[in-house]
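Please work from the sequences and hints to get the whole structure.
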Amino acid sequence: MLWEPLTILSAESTEGATLASQADGSYLVEGEKPETDIYRLTGSSSLKQITAVRLEVLPHDSLPNKGPGRAENGNLHLNEVHLLQSNESETKPKALALATPFADFNQEGWEIDKAVDNNPGTAWGIHPAEGKPHFAIFPLTEIASWSDEQTLQIELEQTHGRSHLIGCFRITVTDAPLELLRTQSLIPIELATILRQDFDTRTPEDQAKLLHWVLLHQLETELASLPPQQLVYCGTNNFEKEGSFKPAAEPRDVHVLHRGLVSDPRELASVGALRCLESLPGELVLDTPTNEGVRREALAEWLASKQNPLTWRSIANRVWLYHFGQALVDTPNDFGQMGSFPTHPELLDWLAITLQQQQGSLKALHRIILTSAVYQQSSLSLPQGVEVDAGNQLLWRMNRQRLDAESFRDSLLAISASLDSKMGGLL
Numbered sequence: 140m141l142w143e144p145l146t147i148l149s150a151e152s153t154e155g156a157t158l159a160s161q162a163d164g165s166y167l168v169e170g171e172k173p174e175t176d177i178y179r180l181t182g183s184s185s186l187k188q189i190t191a192v193r194l195e196v197l198p199h200d201s202l203p204n205k206g207p208g209r210a211e212n213g214n215l216h217l218n219e220v221h222l223l224q225s226n227e228s229e230t231k232p233k234a235l236a237l238a239t240p241f242a243d244f245n246q247e248g249w250e251i252d253k254a255v256d257n258n259p260g261t262a263w264g265i266h267p268a269e270g271k272p273h274f275a276i277f278p279l280t281e282i283a284s285w286s287d288e289q290t291l292q293i294e295l296e297q298t299h300g301r302s303h304l305i306g307c308f309r310i311t312v313t314d315a316p317l318e319l320l321r322t323q324s325l326i327p328i329e330l331a332t333i334l335r336q337d338f339d340t341r342t343p344e345d346q347a348k349l350l351h352w353v354l355l356h357q358l359e360t361e362l363a364s365l366p367p368q369q370l371v372y373c374g375t376n377n378f379e380k381e382g383s384f385k386p387a388a389e390p391r392d393v394h395v396l397h398r399g400l401v402s403d404p405r406e407l408a409s410v411g412a413l414r415c416l417e418s419l420p421g422e423l424v425l426d427t428p429t430n431e432g433v434r435r436e437a438l439a440e441w442l443a444s445k446q447n448p449l450t451w452r453s454i455a456n457r458v459w460l461y462h463f464g465q466a467l468v469d470t471p472n473d474f475g476q477m478g479s480f481p482t483h484p485e486l487l488d489w490l491a492i493t494l495q496q497q498q499g500s501l502k503a504l505h506r507i508i509l510t511s512a513v514y515q516q517s518s519l520s521l522p523q524g525v526e527v528d529a530g531n532q533l534l535w536r537m538n539r540q541r542l543d544a545e546s547f548r549d550s551l552l553a554i555s556a557s558l559d560s561k562m563g564g565l566l
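The numbering of the sequence shown is the numbering used here, which starts it at 140 and goes up by one.
These aren't lab readings, by the way, just hints derived from the structure by calculation. None of the hints are false.
Derived lysine-lysine pairs resembling DSS-like cross-links, with alpha carbons at most 27 Å apart:
id	residue 1	residue 2
1	K380	K172
2	K205	K385
3	K172	K205
4	K385	K271
5	K385	K172
6	K271	K380
7	K348	K205
8	K271	K205
9	K271	K348
10	K502	K445
11	K561	K502
12	K231	K187
13	K205	K380
14	K271	K172
15	K187	K233
Here are the simulated distance ranges between beta carbons:
id	residue 1	residue 2	range
16	S517	Y461	18 to 24 Å
17	Q161	L141	18 to 24 Å
18	S383	R541	45 to 51 Å
19	E436	A238	47 to 53 Å
20	L542	V433	45 to 51 Å
21	L413	G499	18 to 24 Å
Here a beta-carbon is modelled for each residue, glycine too, at the ideal position from N, C-alpha and C.
Right, here's the structure in full:
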């Protein structure tokens with residue numbers, strides 16, 4: 140057996156919670172739910188030596204969001220782990236030094252190595268992977284010899300606050316070589332044990348576990364390729380409360396203000412869009428009007444609708460402005476009555492329709508513009524052209540544009556033969 144359950148002799152919470160032993164060797168924390176807590180456990184093992192200790196945090200139906208933590212969202216924060224070896228012939232326990240630990244999942248900024256850095260301000264967390272089992276392995280820097288007279292004391296310090304406590308856990312030990320344990324840092328130990336078996340000896344349940352992990356790992360890899368949550372803006376009321384900042388159950392009511400006075404609200408404003416477009420209804424169809432996400436989705440569908448000419452014409456106009464330095468509608472922020480009329484309305488409409496037909500591909504629109512004859516014109520000014528159209532609204536030549544700072548710098552380096560043209564080149 141690669142991992143052996145630690146035979147627990149005593150388990151206590153310093154803040155009065157109850158550590159209830161379960162049939163599978165785990166402990167479910169019940170009763171008191173303090174802001175912070177320290178779990179102290181003492182156990183014995185039949186192994187002759189110990190190379191590492193594994194902490195499994197397990198989901199349970201009685202925990203918020205199925206845990207494995209006791210916080211409202213099921214998260215936990217493990218600040219410090221201490222291991223002590225006791226001997227009946229010695230009065231003072233011996234502290235066991237820990238090497239760099241590893242875990243199957245780490246919350247961003249709350250990695251497992253924070254649980255052994257002797258800094259009470261850092262911790263290991265598992266957000267947003269609550270509701271799932273996780274494990275952390277703590278290798279010893281030196282192999283600890285063991286005997287029947289010796290016991291292992293484990294302290295799990297959880298001093299982050301806000302009841303970010305472990306709700307259900309199990310502790311096991313091993314005498315396996317550290318090299319073997321580190322090779323399994325990406326594969327759960329249970330699956331590693333199955334993989335070491337001959338294929339013909341694996342049960343259907345073993346095969347199902349392997350398949351489930353492979354598919355789940357592929358999904359998590361794809362999700363990890365997305366931008367970090369801190370870099371993504373999303374309006375939502377599904378978030379963990381921060382002090383007095385709590386998620387609203389429903390969007391707040393908005394009233395029409397008489398003469399714009401906050402102190403004089405009138406009738407309730409209904410959810411809707413612009414009613415001035417003949418091609419689109421101003422009402423948004425909502426199955427659950429009190430759901431913030433449904434509201435935002437409906438507005439996004441309205442904005443991106445192929446029946447909404449404003450969105451597509453506005454985007455096409457801005458792309459044109461980027462390449463020519465002069466837009467077809469020279470008030471790109473105002474397509475209304477106060478804005479300018481397009482100099483080439485048919486061209487603007489054609490670009491907008493083409494962008495639609497290309498499934499909104501800006502790359503395709505860039506290619507069309509850059510390969511056009513009008514873009515490839517010379518910027519040379521001709522007297523007869525200036526006499527007829529000095530502002531170049533008829534696009535009889537290419538507009539001269541100022542270089543941006545990066546291009547200007549590269550131009551100076553190129554002229555002085557100092558430019559490193561290799562990809563990622565430096566001075």
